[in-house]
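Once you've looked at the hints, dock chain S against the given chain Y.
As you go down the protein sequences, you meet chains Y and S in turn. Just so we're aligned, residue 1 is where the first sequence starts under UniProt numbering, counting upward by one. Just so we're aligned, residue 1 is where the second sequence starts under UniProt numbering, counting upward by one.
You may find that some hints are simply not true.
Copies of one chain are not kept apart here, so a pair can be met inside one copy or by any two copies together.
Stated by the list, open to error - Pairs of lysine to any residue, SDA-like flavour, derived with a Cα cap of 20 Å:
1. K433 <-> F174
2. K20 <-> E379
3. K32 <-> E61
4. K80 <-> L384
5. K20 <-> A56
6. K433 <-> T372
7. K80 <-> A96
8. K80 <-> R95
9. K287 <-> D65
10. K433 <-> E170
Note that these hints are calculated values from the structure, not bench results. Bear in mind that the values here come from a model prediction, so they are computed numbers and not experimental data.
So the chains spell out like this:
2 protein chains.
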Amino acid sequence: MTASKHDPYRLYLTEDQIPKAWYNLRADMPEKPEPMRLPNGAVATKPDIAPVFADALIDQELDDDTPYFDIPEPVLEMYKVYRPSPLCRAYNLERALDTPAKIFYKFEGNNTSGSHKLNSAIAQAYYAYAQGITNITTETGAGQWGTALAEAAAHYGLDLDIFMVKCSYEQKPFRRNIMETFDARVTPSPSDTTEVGRRILAQDPGSSGSLGTAISEAVERALHVPENRGRYQLGSVLNQVVLHQSIIGLESYEALRELGEYPDVVIGCAGGGSNLGGLIAPFMRDKLTGARPATRFIAVEPASCPSLTRGRYAYDFADTGQTCPLCKMYTLGNGFIPNPDHAGGLRYHGMSPIVSKLKHDGYLDAVAVRQTDVFAAAERFAKLETILPAPESAHAILVAMREAERCRETGEAKTILFGLTGTGYFDMVAYDKFNRGELEDHIPTDEELERGFATIPSIPGIQ
Amino acid sequence: MTASKHDPYRLYLTEDQIPKAWYNLRADMPEKPEPMRLPNGAVATKPDIAPVFADALIDQELDDDTPYFDIPEPVLEMYKVYRPSPLCRAYNLERALDTPAKIFYKFEGNNTSGSHKLNSAIAQAYYAYAQGITNITTETGAGQWGTALAEAAAHYGLDLDIFMVKCSYEQKPFRRNIMETFDARVTPSPSDTTEVGRRILAQDPGSSGSLGTAISEAVERALHVPENRGRYQLGSVLNQVVLHQSIIGLESYEALRELGEYPDVVIGCAGGGSNLGGLIAPFMRDKLTGARPATRFIAVEPASCPSLTRGRYAYDFADTGQTCPLCKMYTLGNGFIPNPDHAGGLRYHGMSPIVSKLKHDGYLDAVAVRQTDVFAAAERFAKLETILPAPESAHAILVAMREAERCRETGEAKTILFGLTGTGYFDMVAYDKFNRGELEDHIPTDEELERGFATIPSIPGIQ
Numbered sequence: 001m002t003a004s005k006h007d008p009y010r011l012y013l014t015e016d017q018i019p020k021a022w023y024n025l026r027a028d029m030p031e032k033p034e035p036m037r038l039p040n041g042a043v044a045t046k047p048d049i050a051p052v053f054a055d056a057l058i059d060q061e062l063d064d065d066t067p068y069f070d071i072p073e074p075v076l077e078m079y080k081v082y083r084p085s086p087l088c089r090a091y092n093l094e095r096a097l098d099t100p101a102k103i104f105y106k107f108e109g110n111n112t113s114g115s116h117k118l119n120s121a122i123a124q125a126y127y128a129y130a131q132g133i134t135n136i137t138t139e140t141g142a143g144q145w146g147t148a149l150a151e152a153a154a155h156y157g158l159d160l161d162i163f164m165v166k167c168s169y170e171q172k173p174f175r176r177n178i179m180e181t182f183d184a185r186v187t188p189s190p191s192d193t194t195e196v197g198r199r200i201l202a203q204d205p206g207s208s209g210s211l212g213t214a215i216s217e218a219v220e221r222a223l224h225v226p227e228n229r230g231r232y233q234l235g236s237v238l239n240q241v242v243l244h245q246s247i248i249g250l251e252s253y254e255a256l257r258e259l260g261e262y263p264d265v266v267i268g269c270a271g272g273g274s275n276l277g278g279l280i281a282p283f284m285r286d287k288l289t290g291a292r293p294a295t296r297f298i299a300v301e302p303a304s305c306p307s308l309t310r311g312r313y314a315y316d317f318a319d320t321g322q323t324c325p326l327c328k329m330y331t332l333g334n335g336f337i338p339n340p341d342h343a344g345g346l347r348y349h350g351m352s353p354i355v356s357k358l359k360h361d362g363y364l365d366a367v368a369v370r371q372t373d374v375f376a377a378a379e380r381f382a383k384l385e386t387i388l389p390a391p392e393s394a395h396a397i398l399v400a401m402r403e404a405e406r407c408r409e410t411g412e413a414k415t416i417l418f419g420l421t422g423t424g425y426f427d428m429v430a431y432d433k434f435n436r437g438e439l440e441d442h443i444p445t446d447e448e449l450e451r452g453f454a455t456i457p458s459i460p461g462i463q
Numbered sequence: 001m002t003a004s005k006h007d008p009y010r011l012y013l014t015e016d017q018i019p020k021a022w023y024n025l026r027a028d029m030p031e032k033p034e035p036m037r038l039p040n041g042a043v044a045t046k047p048d049i050a051p052v053f054a055d056a057l058i059d060q061e062l063d064d065d066t067p068y069f070d071i072p073e074p075v076l077e078m079y080k081v082y083r084p085s086p087l088c089r090a091y092n093l094e095r096a097l098d099t100p101a102k103i104f105y106k107f108e109g110n111n112t113s114g115s116h117k118l119n120s121a122i123a124q125a126y127y128a129y130a131q132g133i134t135n136i137t138t139e140t141g142a143g144q145w146g147t148a149l150a151e152a153a154a155h156y157g158l159d160l161d162i163f164m165v166k167c168s169y170e171q172k173p174f175r176r177n178i179m180e181t182f183d184a185r186v187t188p189s190p191s192d193t194t195e196v197g198r199r200i201l202a203q204d205p206g207s208s209g210s211l212g213t214a215i216s217e218a219v220e221r222a223l224h225v226p227e228n229r230g231r232y233q234l235g236s237v238l239n240q241v242v243l244h245q246s247i248i249g250l251e252s253y254e255a256l257r258e259l260g261e262y263p264d265v266v267i268g269c270a271g272g273g274s275n276l277g278g279l280i281a282p283f284m285r286d287k288l289t290g291a292r293p294a295t296r297f298i299a300v301e302p303a304s305c306p307s308l309t310r311g312r313y314a315y316d317f318a319d320t321g322q323t324c325p326l327c328k329m330y331t332l333g334n335g336f337i338p339n340p341d342h343a344g345g346l347r348y349h350g351m352s353p354i355v356s357k358l359k360h361d362g363y364l365d366a367v368a369v370r371q372t373d374v375f376a377a378a379e380r381f382a383k384l385e386t387i388l389p390a391p392e393s394a395h396a397i398l399v400a401m402r403e404a405e406r407c408r409e410t411g412e413a414k415t416i417l418f419g420l421t422g423t424g425y426f427d428m429v430a431y432d433k434f435n436r437g438e439l440e441d442h443i444p445t446d447e448e449l450e451r452g453f454a455t456i457p458s459i460p461g462i463q
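The following block holds chain Y by itself, in its conformation from the complex (with noise of 0.2 Å):
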């Protein structure tokens, strides 16, 4: 394959080019990810865990080995509406920064929820109705997981319960307002409508929220929905939706193919981890089997939320309620909260197992960086390349051109591909901030984290 003359700004593939399958990293992987274990040590298992996820789910998040997953013919259809997404050339940013760097970016925010969540959205909430299950209840942070949940549901007529955590509540009516007019039930967390909600309340009345607060109290009324109809559903950290996310990675592999273009180096953004293990996994595929092994990938999470830059590799509850299971991850402690001013986005105290399990074992980077300088970098990418992205996909920018800058000096022609997960419409009360000079970061000190790490649980025989 040779390079063609002249790449498109945005090279979209057709409708018949859409993956038809998920790919699942685990599979290439030498040393699998830790399995989730529940709270006495004992692996989880599938009766152990169908109370709370659909049963096809679960088959999904259990399975190490399959490499392929046949995307539903269902769920394919809900694809076709808004994918592929385009796989755009930055030759604008490439000019600004007068680097001999190619740079591209895979573009998954032009969909209504305005960004690469309602990839995994739609599977899930596929998977929820094909199985009979009426109710499905999940938590939002920034929002736009929620608003992905919500359009999944409104397709599927599922009944949807939003947790959302309640400063974003307060800060972004909008993202509250779009929630609920695909039908969903929007409430702040912690609330008073679930036990988990009230404990909470109770330690701390004016409690501004968390994600993994949020989390406890979805689950708890997932669980109470009758006749077991009810399931929890997440937006990003399990490796189902990992599997999902790799719907980007692969159309981003067939895209550079048909330009016969390789990245040398592959930078997401990472809260969860979802979008950074979609987006690398066909690369990383080629990496671990040897095939292209110089490949480099890059996490870039905030300053004031540094799980896999300092936090622990440990066995962590999932939500800060502790009623979920536990997964093998960098963690700042189920009991960590970001600071409420920090912005940026990427506030989940945990990280991916799959990506984590990457990082540990050296070969994924993962780089920390301030928020004031993520916006800076996104009001210039907005400049040139006419996107206001998500300030979370600014994390993914700013790597990209402190890389494409390092190729100016060293004068290699490297091929740069990032994530560019959604769009920053709703972040309106940040950007203004920044511009007004208010944004600060918050980086938390060493004591900080160690009231984090003091949450971390210890597991008779595992940790």
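Okay, now just chain S, sitting in the frame of chain Y:
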């Protein structure tokens, strides 16, 4: 050309297929739109309006004969950053309506301005930049045009002053923020920073503003830039804007040709008429030249601002301050201001002279719809097609749905094309009002219309 076996959900032309020239529908109109005139009745010439508009744009504005204008290379380069836009087949909507009709829509919302406005903004900013202009000014209502021009001005390094209708400025702070993120200066209108603004405030200190007033302020500001280096730019109504927006129709035409389709009905929302005029351009050419005489064209406007269906076809000022030249158009009178409760956009008192002439000569139908029906259609569409539409765009959706339902009754398998001009991310206050049952329709009474008509000037020897 035979129809393909399966139309894709979204058809993207390739970059090479982006049109290289805009199409000037006036060249094929058997009777031309009436010329722009000065208040004394004289036909406006290039020297008359040269202080206000960039030279190349005036050439486009006044030229009724040249069928194609080459798109300058730098404009084409910027188009490539976000174009071609997809031609979508609304399969989900078709199934839900159980209609034999095929419904296509051209979706212009996949760029950060959130609408088709960027197509003309890039062109206008480029021509000003190429002429050595340093400062541009404009008005914005809902904010789509302001956002688009802010993006374009940032790209060409132009200083941009935006006068934003005061009620929008207050209700849509995020719109303001996004324009400021692209370095535009945003002033609520009427303001005390211009003579015309002060005059209007003296008459009505509590004025919530209007597009017509904001235009007056923006023109005055442009004329006061030293050394003749300021120009005013307008996002709709003008012939030049309809010309630039022909890119929508040209791409739609080519994409439908690839599918072996031709629309029986073309539907667009109409505020100032630029999206409608651009969408219909090549199809209307085929009607005017007799190649496709049967195609129907439907302009959809809000019942609360019904220029095409209840307005007068007369010369009127483009602005409330009566400082601009006059256009022959369907108008409610430059003093007409729709009820501030009207949330559905499309609030301009007049209409593109091209669209007006086509309507007047019987080539185009117009229909006025209620905003409560519009929002209901918008939500139904969002749940089926996963795009939350701008309220403006949803006017076209509603009428396309009605047309498809009529096909269900008659059994006709019509091909329907409508323009989905943008997304509704910045309209959540209106959606929320609708969801709470608080959105009402304010249809102007005949007396209210008469008060507007009274502001249409009489011009000796002309009208």
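Checked hints:
With identical chains, the CA atoms of K433 and F174 are at most 20 Å apart both within one copy (18 Å) and between copies (12 Å). Proximity of K20 and E379 under a CA criterion of 20 Å is satisfied in neither setting, with 36 Å inside one chain copy and 30 Å between copies. Taking the closest pair of Cα atoms, K32 and E61 come within 20 Å of each other only inside a single copy of the chain (13 Å); across copies the shortest separation is 66 Å, beyond that limit. In this assembly of identical chains, the alpha carbons of K80 and L384 lie at most 20 Å apart only when taken from different copies (13 Å versus 29 Å within one copy).
Taking CA atoms no more than 20 Å apart as the test, K20 paired with A56 passes inside one copy only; the shortest distance there is 17 Å, against 50 Å between copies. For the identical chains of this complex, K433 and T372 are intra-copy neighbours only, at 10 Å inside a copy versus 35 Å across copies, given an alpha-carbon limit of 20 Å. Proximity of K80 to A96 under the C-alpha cut-off of 20 Å is restricted to the inter-copy arrangement: shortest distance 17 Å between copies versus 34 Å within a copy. For a Cα distance limit of 20 Å, the shortest separation of K80 from R95 across copies, 15 Å, qualifies, whereas the shortest one inside one copy, 33 Å, does not.
In this assembly of identical chains, the alpha carbons of K287 and D65 lie at most 20 Å apart only when taken from the same copy (18 Å versus 61 Å across copies). In this assembly of identical chains, the alpha carbons of K433 and E170 lie at most 20 Å apart whether taken from the same copy (16 Å) or from different copies (18 Å).
Consistency note: the structure conflicts with earlier hint 2 alone.
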